[in-house]
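Enquirer: Which chain is which? The protein sequence lines are X and F, in order.
For the first sequence, the working numbering assigns the number 1 to the initial residue and increments by one for each residue that follows.
For the second sequence, the working numbering assigns the number 1 to the initial residue and increments by one for each residue that follows.
Be a bit skeptical, because a hint or two may be false.
The list that follows gives simulated cross-link-like pairs (lysine to any residue, SDA-like), each with its CA atoms no further than 25 Å apart [unchecked claim]:
| id | chain 1 | residue 1 | chain 2 | residue 2 |
| --- | --- | --- | --- | --- |
| 1 | F | K344 | F | E293 |
| 2 | F | K484 | X | G293 |
| 3 | X | K268 | F | P53 |
| 4 | F | K484 | X | R137 |
| 5 | X | K268 | F | R60 |
| 6 | F | K484 | X | R295 |
| 7 | F | K344 | F | I409 |
| 8 | X | K218 | X | F10 |
| 9 | X | K268 | F | E293 |
| 10 | F | K66 | X | F312 |
| 11 | X | K268 | F | I409 |
| 12 | F | K250 | F | S220 |
| 13 | X | K268 | F | K250 |
| 14 | X | K268 | F | Y70 |
| 15 | F | K250 | F | F201 |
| 16 | F | K66 | F | R296 |
Here are the simulated distance ranges between beta carbons [to be verified]:
| id | chain 1 | residue 1 | chain 2 | residue 2 | range |
| --- | --- | --- | --- | --- | --- |
| 17 | F | D384 | X | T161 | 27 to 37 Å |
| 18 | F | Q120 | X | G293 | 44 to 54 Å |
| 19 | X | F35 | F | H74 | 50 to 60 Å |
Which stretches of chain F does chain X cover? Using the computed rule of at least three CB atoms under 8 Å from a CB of chain X, they are [stated by the list, open to error]:
| id | segment |
| --- | --- |
| 20 | 20–30 |
| 21 | 342–349 |
Simulated from the structure, these hints should not be mistaken for lab results.
Glycine is no exception: its CB is placed at the ideal position from the N, C-alpha and C atoms.
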Amino acid sequence: MPVNQTWSTFSDYAYYTAVVIYVLAMVFCTAEQAFGRERRNAGRRRSRELVGAAGPPPESVDTPGISTGQPAPAGPRPVPERLGRMGIALTVLGVGTHLTSLVLRGLAAGRVPWGNMYEYVSVACVTAVIAWLVLLRRFSARHATTFLLLPIVILMFIGGTALYTTAAPVQPALQSYWLVIHVSTVAASSGMLLVPGVASVLYLIRRANVANPQRFAKLSGKLPGEDMLDRIAYRTTIFAFPVYTFAIICGAIWAEAAWGRFWGWDPKETVAFIAWVVYAAYLHSRATAGWRGTRAAAINSVGFAVTVFNLFFVNLVTTGLHSYAGVG
Amino acid sequence: MTTATDSPPTQRPPNNNSWPRRLLAFIRNTWRGLTSMRTALILLFLLALGAMPGALLPQRSLNTGKVDQYIAQHGWWGRLLDQLQFFDVYASVWFSAVYVLLFVSLVGCLVPRTFEYAQQLRAKPVRTPRNLNRMPHHASSTTDMSPEDVVATAKSRLRGWRLTERTEESGARSISAERGFLRETGNLVFHFALLGLIVAFAIGKMFSYEGQVIVQANGSQFCNSGVYAYDSFTPGLRVDGTQLTPFCVKVNSFTPTFLPSGQPEQYRAAIEYQSGADLRTGQWRPYQLQVNEPLRTEGDRLYLLDHGYAPTFTVTFPDGTKRTKSTQWKPADQTTMLSQGATKFDRPGVTDPEQRRKTQLGVTGLFAPTAAFQGPVLSSSFPDLRDPAAAVDIMRGDLGVDSGRGQSIFEIDQSQVRKGALKRVARENIRPGQEITIDDGTKIRLDGVRRWVALQVSHDPSQVWVLGFAVALLAGLGTSLVVKRRRLWVRATPSGSGDEPGRTVVEIGGLARTDQAGYGEEFTRLSGELLEQTAASHREEN
Ligand code: HEM
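Generate coordinates for the entire structure from the input sequences, incorporating the hints supplied.
Expert: In structure tokens form, the structure reads like this:
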């Protein structure tokens, strides 16, 4: 099927626009952080008290009601909050534009829009942002949006420059419905795992600050509470991990059909396995005395590092069977 | 394991310990240590760490040539890594040690957990705690209903929960309810499936094999009759290659399609095959072999892996005798299919070995499916056959084929050239239909070109089992991560003498047994409904 150049071009425009919108959203959310500290700290004090009152971690912290969707109590909203809300609105707009770019790509190439690294990064990023927006309905972590968008913008920048590939059909090995299932689920779960990765890094920063108030003094005050970060990380991981498992199994089924064996320790397979084991370790650590909290967060961060490593290093440096045609 | 306790209680051994006892204690402690959660965690870490070099360093199982090159480039460091099995990570002693330990730890962890699970299945939900208001979730009110009615109402609302009713000493009635036992089920299913998957994988490693063979796409045949039929063969540990499932394949044609950019679009090989009863009746069945669509027959799979060109040369010797050969050349560049190879000829009618060794011919060089000349230098500009040409050296002399050394079919023996036993007598570019005449009048003609395909036969009797376990694993994982284990207690106490008579105090307490947040919402809803139904008058909640 021939490639539709017009759609492809519009897809690229939409992609760049999405990046710009995300950057703007970051500006707004950062502005909220900069101006809105007092109020939030008050809020955090409240949740600290709750923690003190009940023995086990309170589940009341993540009940909806303080999150973005709810109308403010009364009177005009304070400026920082309005900025923050605009930041979220922009993020939603960014997601819309981003999705448009993917749809146009797919139409242009006449196939699903995840056939090379550029498209893969794009899918992973949009999933991460959507996952974050969904989480914001439960967790009042709006002011941390900047920290999530930062890696997204970096990834999308690299995707749109170094990894950019023009729209084209894919090579024979990739022509399979397993491409649709396997790659979409890998991209989506990796994207979702970016969220706990960021949350865990932020958690570690807060912890470092608690241990030594001089470290990350400025940054730490702007972050959501440890408890919330921990919960965001856990909730997202237990959702993304089975999806990731499913994706790896689909990959094995596909490999059996395409390469003659379901598992062959190809570099990409190996690193996917490693990431899987690391996340399994994360889930274990949450049930192991003395390993919850900081260590669990560290493991989760490692898991995400491995995922990113898999994307860049293994795709670009090593040569395996996994071929995303046309990179470089 | 309901709650994760690790670090087994270290019991101080009594003083009068004899050595067998101490040994026993040591074994017991080692076992406990090995099967503890923390050990499992550390082993998981080691597994991840141990797998890493396999992604960073070239591996023999994937590419022997690269490994040799790496070792050559890195000197003693490369040799050291080799000694430490870093180029065979997944067969190495240390990697195996980690996963065997993990396997043992898993078994050691699962056995007691399964017993516990069976007990819990039959056990009644735990007794209602005395102080429900100490529970993380708590609500209470008073009502006009009798304790019996409260309990009955609550029971009907708690359908789907496992529950027991008790009458307490004080005369209060209570319900203990529990839900989400499926989580433990899922967790056990997951871990057992993991166990099964590892075992099935290991069995596969023993009884599987893989063989590659190149077949020309002109009706040539290949039969899975023994190792000798293959160009390369990788057997599992328990396979000696004598009992391969017999089947035969005939490759009639190969049709690749390419995009204008030269990117391959689809490869198709029209084949016919015979297996099972067809071998006796001689019936051939057609099949379209494609990438992603292997032929599955008799438990074996046949894959289309690769393709290439085999230029056909005819040599006409001065005495008029002719020899025609199509030897496959191998792609040197996958994107343009510029290929290289060597087609080797013996002069017919020469029986004297001395003479033979002087008159052998080798046609070697490059073949381009779509020729692009930069000056006299041949390259290829497109992978499909559009304008084929070859740039060849004609070598005459002793090819070294009788030397006893194995020879690659893709090249001539360069050591013969260095020795001067093999001399170049011509170097020319040639297109189909053209011929080269050398000094003694021998003519070498490029007749045309054939296509060949690289096929792979794979056999793995346990891979269905691996798939089955993988599906069970996923189901168990999903269940155990989605389902929450939680408890709920209801206590209906007749109000004491000091209060209004005839009223009942209803207390509800809740506890989430797992890490998973979110029980709060369910509890609030549930307790709200319960209290509503028991017609609360003075309701208080916290
Ligand atoms: C072979 C490597 C292992 C892997 C890949 C693995 C993986 C996992 C995963 C992904 C989970 C979370 C899902 C679930 O709750 O079902 C989990 C939970 C669990 N695993 Fe393993 N496991 C392994 C070995 C072990 C061993 C050896 C033990 C015993 C010491 C163990 C004990 C547990 C327990 C108790 C949980 C439940 C944790 C909870 O309630 O959250 N696992 N495991």
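Enquirer: Confirm or reject each hint.
Expert: Results for each hint:
Of the supplied pair hints, the one linking K344/F and E293/F is violated, its CA atoms being roughly 35 Å apart against a limit of 25 Å. Taking the CA atoms of K484/F and G293/X, the gap is about 20 Å. The hint holds against a cut of 25 Å. For the hint linking K268/X to P53/F, the alpha-carbon distance of about 12 Å falls within 25 Å, and the restraint holds. Note on K484/F and R137/X: the hinted pairing holds, with a Cα-Cα distance of about 21 Å set against a maximum of 25 Å.
Proximity of K268/X to R60/F is assessed by CA-CA distance (about 16 Å); at most 25 Å being required, the pair is judged to hold. Taken as a hint, the K484/F and R295/X pair is honoured in the structure, with Cα atoms around 24 Å apart against an allowance of 25 Å. Restraint check for K344/F and I409/F: the C-alpha separation of about 9 Å stays at or below 25 Å, so the hint holds. A C-alpha spacing of about 41 Å is found between K218/X and F10/X, which places the hinted pair above 25 Å, so the restraint is violated.
Under the criterion of a C-alpha separation no larger than 25 Å, the hint pairing K268/X with E293/F is consistent with the structure, at around 22 Å. Our distance criterion of 25 Å between C-alpha atoms is met by K66/F and F312/X, whose separation comes to about 21 Å. At most 25 Å may separate the alpha-carbon atoms for a hinted pair to count; K268/X and I409/F exceed this at roughly 32 Å. Taking the CA atoms of K250/F and S220/F, the gap is near 6 Å; set against the 25 Å cutoff, the hint holds.
For the given pair, K268/X sits about 34 Å from K250/F by alpha-carbon distance, which is inconsistent with the 25 Å threshold. Distance hint between K268/X and Y70/F is fulfilled; the C-alpha atoms sit about 20 Å from each other, no more than 25 Å. Of the supplied pair hints, the one linking K250/F and F201/F is violated, its CA atoms being roughly 32 Å apart against a limit of 25 Å. A threshold of 25 Å between alpha carbons decides the hint, and for K66/F with R296/F the separation of about 32 Å lies outside it, so the pair is violated.
Roughly 33 Å separates the CB atoms of D384/F and T161/X, a value that falls within the hinted 27 to 37 Å. Taking the beta carbon of each, Q120/F and G293/X are about 28 Å apart, not inside 44 to 54 Å as hinted. Our hint of 50 to 60 Å for F35/X and H74/F holds, since their Cβ atoms are close to 56 Å apart. Counting residues of the segment 20–30 of chain F whose beta carbon lies closer than 8 Å to any beta carbon of chain X gives 0, which falls below the threshold of three, so the coverage claim is violated.
Look at the segment 342–349 of chain F against chain X: 0 of its residues bring a Cβ nearer than 8 Å to a Cβ of that chain, fewer than three, so the hint is violated.
This entry does not satisfy hints 1, 8, 11, 13, 15, 16, 18, 20 and 21, going by the numbered hints stated previously.
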